[in-house]
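S.K.: Okay, here's what each chain looks like letter by letter:
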Amino acid sequence: MDMQVAKKKLGLKEKYQVMTRGLDWEPSYQKKEDIYPYASYEGIKIHDWDKWEDPFRLTMDAYWKYQAEKERKLYAIIDAYAQNNGHLGVTDARYINTVKLFLTGVSPLEYMAHRGFAHAGRAFPGAGPRVACLMQSLDEIRHAQTQIHALSNYNKHYNGLHDFRHMHDRVWYLSVPKSFFDDAVTAGPFEFLVSIGFSFEYVLTNLLFVPFVSGAAYNGDMGTMTFGFSAQSDEARHMTLGLEVIKFILEQDPDNLPIVQRWIDKWTWRGYRVLTLVAMMMDYMLPKRTMSWKEAWEVYFEENGGALFKDLARYGIKMPKCAETIALEKDHLSHQAWGTFYNYGAAAAFHTWVPEKEEMDWLSAKYPESFDKYYRPRLEFWREQAAKGNRFYNKTLPMLCQTCQIPMLFTEPGDPTKICYREVDYQGTKYHFCSDHCKEIFEHEPEKYVQSWLPVHQIYQGNCFPEGTDPTAEGFDPLAAVLQYYHLEFGRDNLDFEGSEDQKNFDAWRGQATKNV
Amino acid sequence: MAIAAIGKYEFAPADAIEKFHGAQLLYIGWEDHLLFCAPFAFPFPPTMPFGAIVEQVLPGSFGYHPDFARIDWEKAEWFKSGKPWQPDFSKSLADNGLKHKDVIRFRTPGLTGIAGSGS
Amino acid sequence: MHIDLRTVSIKPLRHTFDHVARRIGGDKPASRYQEGTFDLQATDNFHYRPTWDPQHEIFDASRSAIRMADWYAFKDPRQFYYGAYTLARAKQQDTAESNFDFVESRGLAADLPVELRDTVLKLLVPLRHVAWGANMNNAAICAYGYGTAFTQPCIYQSMDQLGIAQYLTRVGLLLGDVEVLDDAKAAWMSDDAWQGLRRYVEDSFVVKDPFELYVAQNVALDGLLYPLVFEAIVDDVLAAKGGTAVAMLTQFMTDWYGETKKWVDATVKTAAAESAANKAQLEKWIAHWRDRAAVALLPVARIALADGADAALEDVVQQFNTRLAKAGVAL
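Residue numbers (the numbering used here), protein chains in the order written: chain A, 1 to 517; chain B, 1 to 119; chain C, 1 to 331.
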């Protein structure tokens, strides 16, 4: 007997549906709202989860197969790179500071994404998005781990990566990415998907990853380049998910439009503020530069994002208002940010420096409107002073923005000589902001942002000293105590690149590898 | 607009004045001197005379700048929350009306940073 | 043969990250599992409370009644980090693929005795819903549990269960037709045989304590279901009746359970060894959920074993108790 005859063959789409949502059922022993308690409080109305279009169709067996193949390749290269002391192949040792910034600032976020998507992947009453989120959760732990494994070899040879997890939860500038992701994860599952899946993965990923990855490639850091490539191939899936989420929510109910619009406005800005670190990395920290921050923004956000928002217009979504502010900032952002790290170079877990002469020329070519006028004088003054042995280290703690937690370094839109101050009185206390957008975000959800763990205030409250510190003791040195709390070793992990242990070791090792006997 | 949350979502502000061991926060910015990347945050006792800040604290924070030595404090213009404001150097912060987390700035006419660049 | 290679030799400054070194000592390189696991989860200085659970921090050990001085005391004996995990599964799926191919290409499904085929469909296909529940529950444990050493394997477990649900679906499609899936769903929703089990699964969906959920799902339910269905029924009883092909189609599950069990045992053992309070709590939970699972599984076992079900289940429960005794939990 041959049963084949009677059989219907399933198409690709039906097959995947049978393999995912077909597994789900309507519960009867427990109430649906008890099983999915987080599904409705955000106000998003979903009438029919079955309208969800699966953004990609990977059954687990295929997933295992392809991902394993990718992992096998990636680790072979990581091994090879480590075996061959590949780190000596980078342009110069200043480059390694970008890696430090990445590992301390970004990799912990990959992990947060993993847990966040596990939560979202449990929370949605719809089987389709649940599976998609869980698969992304699995991908994200991959990203965290491959980054750690790839950079592990740098940690063996250079300083500042040695306690990246500990630092991420404590160091002042790392509260910026940390609070960004904490913000997303503490929002409801829908907002989380819009914030991370759409705004971050789809709209801003290119601005975070591409500069890092291409910076790595261009500066000879094959290890970073490879995990970057490998992660990007997952991102393609994540981005599709981000896009599908937006389409789905918007098609479900017109009342969702204003909520989604607000989220897109909020998260575009939140994400953009985090990219401040990327901007300075691109313009100041890569020995060989790929493109300027301004160019990157124009290409990746203004052009590509523009095309996307044009498509979204069919649904009534508008380009976030903050795009205008960003356009005004793009000539200044990286310079102001690098200046800040130069100011606080004694409290950062990587090294800073004044750009070389040709580098400044590159900057003025890329920023003809702003660099020579506003930033070159500042940098040259610092260089002169440093040459005289009077390297500038700012020892007074800065005022921070309540929302994005960055020092109040940003200037008035349109006037780069004036710091932008905004404030709000809420329940009898003042709150300060770096911009209209950070202020609006606070005003929408003040209950949330009053909780911000602002590093400067925490230090003044005495919460950032090692356990058992007595701040009243004779000769107590608060900066030293804070650095100890950070697990940051003074004179080794911080201060100027010139004269650092990294610089010395790299030069010695590189010499060994390329000089004749 | 209230936040969307499940159940009560109210938390004490992380930076309530009680947490500062008797001090209150004061933010101070110096206009046209962006060499200092951002305004500073200070924890001062409310009883501290305003003049003490200018004489004992600011030199340590702003003194690196060549303009600082040239400041004529008589001519300095002060702002509080962006509005013109006149401190009394001899009075305490509290008596000058400064509250927790107030922000003040000062302009020093004629001094506009390195080579007049605002840095 | 002799060899004496000279290469550029550079003395590293340190062997691994400090947080790893604080756990294993700084005098040797750490394994990828260790670097990819230890302390990855944030524990301090969370900025905001979750709007979906304002009583807790984002990650909060107090979500569970189990108390650990250090949640990194847990160790996955498989040492799965993502790379090791996917490589292992890729190999297993390769075998599974070739088993499915084999059964298909040689028309073995058609050769199965008709009653046997019906039994298999009746028994195995509704189990896809159980695996789907396990996928949800492990996602929850991963999301709301504490410490990467404990949560990381749960996302793997979650996706494994999704994979198993998909393999069971394929078994259905191979032995029958799309209707088979509908019939199984109908049985799952309304046949008496399945209601106990469905109630168990739905009840587990509302368990809030991640460790209790771990017990309900990974310890108790899987701990009885897999030995009962895939070992006792498929591999022993059905294979002897000419169902070798079916055993091939479920080889993934058998192998997978054999491997996963080690991790579950290690987890229970570590938690129980931590304190008397944990041990007592675990004994209570495990006994409770084991008894519920046993009751729920009996009618399911009858589908294949008829009167032999009680004895088989008893056996399985017996083995389960022995196994947990080894893990330090007396039942």
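No lab work stands behind these hints, which were simulated from the structure alone.
Please note that the accuracy of each hint is not assured.
If we take Cβ atoms under 7 Å as the criterion, some of the chain C residues that face chain B in the derived model are [as the list claims (entries may be wrong)]: (1) T51; (2) W52; (3) P54.
Counterexamples of contact, computed for chain C against chain B with all Cβ distances above 12 Å [stated by the list, open to error]: (4) R49; (5) D53; (6) V180; (7) Q195; (8) D255; (9) K269; (10) D291.
Result set (EDC-like, lysine to aspartate or glutamate): computed pairs, CA atoms no more than 16 Å apart in a straight line [unchecked claim]: (11) K185(C) with D34(A); (12) K65(A) with E179(C); (13) K15(A) with E179(C); (14) K65(A) with E202(C); (15) K83(B) with E423(A); (16) K156(A) with E179(C); (17) K32(A) with E202(C); (18) K99(B) with E423(A); (19) K91(C) with E69(A); (20) K8(B) with E423(A); (21) K430(A) with E55(B); (22) K99(B) with E447(A); (23) K185(C) with E69(A); (24) K208(C) with D34(A).
A virtual CB, placed ideally from N, CA and C, is assigned to each residue, including glycine.
S.K.: Each hint: holds or not?
M.R.: Here is how each hint holds up against the structure:
Hint status for T51(C) relative to chain B: holds, with the closest Cβ pair at about 4 Å, below 7 Å. Satisfaction of the interface hint for W52(C) is found here, the shortest Cβ-Cβ separation to chain B being roughly 5 Å, below the 7 Å cut-off. A distance limit of 7 Å between C-beta atoms decides the matter here; for P54(C) the minimum to chain B is near 5 Å, and the interface restraint holds. Residue placement check: R49(C) does not keep its beta carbon more than 12 Å from all beta carbons of chain B (closest about 6 Å).
For D53(C), the non-interface assignment is contradicted: its Cβ lies about 7 Å from the closest Cβ of chain B, within the 12 Å cut-off. The Cβ of V180(C) lies farther than 12 Å from every Cβ of chain B, with a closest approach of about 41 Å, so its non-interface assignment holds. Listed as a non-interface residue, Q195(C) keeps its Cβ farther than 12 Å from every Cβ of chain B; the least gap is roughly 31 Å. With a cut of 12 Å on Cβ distances, D255(C) stays outside the contact zone with chain B, its closest approach being about 42 Å.
At roughly 36 Å from the closest C-beta of chain B, the C-beta of K269(C) stays outside 12 Å, upholding its exclusion from the interface. Chain B leaves D291(C) outside its interface by the beta-carbon criterion, the shortest separation being 33 Å against a cut-off of 12 Å. A threshold of 16 Å between alpha carbons decides the hint, and for K185(C) with D34(A) the separation of about 22 Å lies outside it, so the pair is violated. Using a Cα cut-off of 16 Å, the hinted pair K65(A) and E179(C) is violated, with the two alpha carbons roughly 29 Å apart.
Of the pairs offered as hints, the one joining K15(A) and E179(C) holds, with about 13 Å between alpha carbons and a cut-off of 16 Å not exceeded. The hinted pair formed by K65(A) and E202(C) fails the criterion: a straight-line CA distance of about 32 Å is larger than 16 Å. Taking the CA atoms of K83(B) and E423(A), the gap is about 12 Å. The hint holds against a cut of 16 Å. About 58 Å separates the Cα atoms of K156(A) and E179(C), which puts this hinted pair outside 16 Å; it is violated.
For the given pair, K32(A) sits about 10 Å from E202(C) by alpha-carbon distance, which is consistent with the 16 Å threshold. A C-alpha spacing of about 14 Å is found between K99(B) and E423(A), which places the hinted pair at or below 16 Å, so the restraint holds. For the hint linking K91(C) to E69(A), the alpha-carbon distance of about 11 Å falls within 16 Å, and the restraint holds. Note on K8(B) and E423(A): the hinted pairing is violated, with a Cα-Cα distance of about 26 Å set against a maximum of 16 Å.
A distance of roughly 26 Å separates the Cα atoms of K430(A) and E55(B); the hinted pair therefore is violated under the 16 Å criterion. Restraint check: the Cα-Cα separation between K99(B) and E447(A) comes to about 22 Å, which exceeds 16 Å; the hinted pair is violated. For a cut-off of 16 Å, the pair hint linking K185(C) to E69(A) is broken: about 35 Å separates their Cα positions. For the suggested pair K208(C) and D34(A), the alpha carbons sit about 11 Å apart, so the restraint of at most 16 Å is met.
Violated hints for the displayed structure, listed by number in ascending order: 4, 5, 11, 12, 14, 16, 20, 21, 22 and 23.
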